[in-house]
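Here the structure of chain D is known, so what remains is to put chain G in place on it, guided by the hints.
There are 2 protein chains.
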Amino acid sequence: MAFDFGPLFPHGLPGPAAKWTGAPKYNFTGGNNDPDAVPLEDLIQAAQSVLAREGRTLSHYGLHSGPQGYRPLREFLALKLKRDAGVVCSAEDILIVSGSLQALDLVNGALLAKGDTVIVEKDNYQGTLTRLTRLGVNAVGIPLDQGGMRMDALEAALADLKSRNVRPKFIYTIPTVQNPTATILDEGRRARLLELADLYGVPIFEDDCYSDLIWDGKRPPALYAMSRSGNVIHIGSFSKSVAPALRVGFIVAPWAAMSRMLALKTDAGSGALEQMVLAEYCAPHFEGHVPELRKALRAKLDTLMEALAEQFGTAAEFDEPKGGIFLWVKLPDNVDTLALYQKALASGVAINPGPEWSTDAAHSRSRMRLCFASPSHEEICEGIALLAEICRKEFGVPARSGNIEPRA
Amino acid sequence: MAFDFGPLFPHGLPGPAAKWTGAPKYNFTGGNNDPDAVPLEDLIQAAQSVLAREGRTLSHYGLHSGPQGYRPLREFLALKLKRDAGVVCSAEDILIVSGSLQALDLVNGALLAKGDTVIVEKDNYQGTLTRLTRLGVNAVGIPLDQGGMRMDALEAALADLKSRNVRPKFIYTIPTVQNPTATILDEGRRARLLELADLYGVPIFEDDCYSDLIWDGKRPPALYAMSRSGNVIHIGSFSKSVAPALRVGFIVAPWAAMSRMLALKTDAGSGALEQMVLAEYCAPHFEGHVPELRKALRAKLDTLMEALAEQFGTAAEFDEPKGGIFLWVKLPDNVDTLALYQKALASGVAINPGPEWSTDAAHSRSRMRLCFASPSHEEICEGIALLAEICRKEFGVPARSGNIEPRA
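Chains as they are written, first to last, in numbering that gives the first Met the number 0: chain D, 0 to 407; chain G, 0 to 407.
So here's chain D without its partners, still in its complex pose:
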């Protein structure tokens, strides 16, 4: 008789994962990227040269760089962060991690306990929201407008929490191409955010993993760079700028916080081969690669927006993103995107339903996130046509395509 593990699982364990049955045909979910934009020849060259030169160091955990990660990669990052985001830091201030998801886990692990409160943007990255839920942390959602997190609402929330003697553990923000709204917090709001954080004694957790993907390449300085009190923990990733399956992200933080996160990183180091190849690749090629990638992404966004206009007409509302890999779309109020998600998936179209990407299920009920980096132009057109058909059948919108009202 088969052994029954059931009675041994602890209370609160997440339910079982489903068996993987392959990727959906039209996949508008996940941070996947454009296969054609992977800089393959240069990565192969980098792998060959770094392995030939230093491959024997793979015999040691942490190579010869210690627990914070491969030093040449940290040195590249220090230069890049200075050049792009105004961040003044050295390799000593950087911890290489296994993707920004491990960064989330380490920052959360160092600062959060069950029952704590944090402040987040109301529409938010699902991976952050599910982590906070699992930790039993109360996430206060701040509404966004076209300029990102609203500072009036943040001020009110901070004041309200203070009046109830609650000191939030951090303000988590994706200020540069926010996920899922793709908004960018301008320098003025950043200054105000830092002011409020200082005033209320709350650190800022800056998740900057999309900041390389702004179409015009011009980004505001990082909050980490603008902070005068050293109250910002900054994380980033190579998943969006080079390749998602390379699990390499990073944390920049004051040593008081970094040293606690490092103590929680009990994985004997992140994958060294990926760090070595990235460092070898990035130093000469990153700056040239990213504009090419942006062009490819921008073209796919155009295809997606055109397909939505053609298939959904005015039934699909959105603001044109200034960068990134996703579009946050508002459908008519009667559309329940959780139901749409189920129906669409059964037909091979995967979308992110709004309620999984927001602290406010009512606000996000008829919203969805569409990722456009990975599907081909043809798949985008076909997938959106199919999605419109399913949406029409289930919810009566959009109207028949012959009759749809074109977007202005």
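Certain hints may be false.
Claimed, not checked - Calculated lysine-lysine pairs in the BS3-like style (CA-CA distance at most 30 Å, straight line): (1) K18(D) with K79(G); (2) K81(D) with K18(G); (3) K79(D) with K18(G); (4) K18(D) with K81(G); (5) K113(D) with K113(G).
If you are wondering where the hints come from, they were derived from the structure by calculation, not from laboratory data.
Relative to chain D, chain G alone:
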């Protein structure tokens, strides 16, 4: 004024990590391996060919293989586990993880809650013991003899726990080259262990990460292979057989347990490049590489045993390991290896003090673990001479080298 993170850290957070100041000159700690044994040319070739063929799949989390990891690597493992360990499983039963440390975290995460009890070998892997301590889990240590975990002591512990209505969550064992004792549980004891586990309804957590490194290449079948009730979770790694800095391990488990661990693996996949390169390398080369590696390790073990005999004489007692990368050494009773560790480290010699590698601090007080794979033959000789000198100065043993009593 600098922001003070101190008041925000939750209760029970581990203390800060120290800044890394470089590796000790004579390093007898850590699972590091022989730099000369890294199969560099073949790894470079593998990287080149797999990237040229499939590199564009790096644009997708999980490549095209889904959340359980790169399918060709799982297929290699299924073949290897059948050939070497008698395990009958398919790629569906295998989860690729970021080193066997993530395997520990996932198995622990799926089965343990604060206050639970588990059974472990008394002398044990530090990474396992510290994890159990952090989880607030009670680890009952079973003494070992030259044949590994003692089945009479296990039976008594199971009976004792049952009499107190405690059902242990699992029996954690490293049956094949146990860490740190290097003992190998023979087939008869394995059968008895499985019998006892079935009798008491306790699953077995089999950590098999050293099993490739037995000098004569002959290993008993895995507990997973011998189990008739499917009550074993089996983990392994490429860290010891190919290279530690490649963070690639694996879990083999019944789906009822696997599906819960998979739900806890929220890292968007383990590093894909490392999985791809390993799979490409291992299919043609693993079987030829491992005997070469064993030869190199065996030679270093001989150097270590000779150096100990020469420098410590009868003051250093140990059993000759049948495989692995470490030696578990008993020093005279008056030697406190925690104190020796401190003094030695200050002189550039790193050892693993016994109390960190055992559930029984009194038993392990004068024991130490010495890893021999990474230092060169010269470093082994010099390091052990220096260690003997420090030990003599601090504890009066071994006697002066001119006078030491040679080992028989």
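We went through each hint and held it up to the structure:
1. Distance check on the hinted pair: K18(D) and K79(G) sit about 24 Å apart at the alpha-carbon level, within 30 Å; holds.
2. As the CA atoms of K81(D) and K18(G) are separated by approximately 23 Å, the hinted pair is consistent with the 30 Å bound.
3. Distance restraint check for K79(D) and K18(G): the Cα-Cα separation of roughly 24 Å lies within the 30 Å cut-off, and the hinted pair is therefore satisfied.
4. Our distance criterion of 30 Å between C-alpha atoms is met by K18(D) and K81(G), whose separation comes to about 23 Å.
5. A distance of roughly 14 Å separates the Cα atoms of K113(D) and K113(G); the hinted pair therefore holds under the 30 Å criterion.
Violation of the numbered hints given earlier is absent; every hint is satisfied by the structure.
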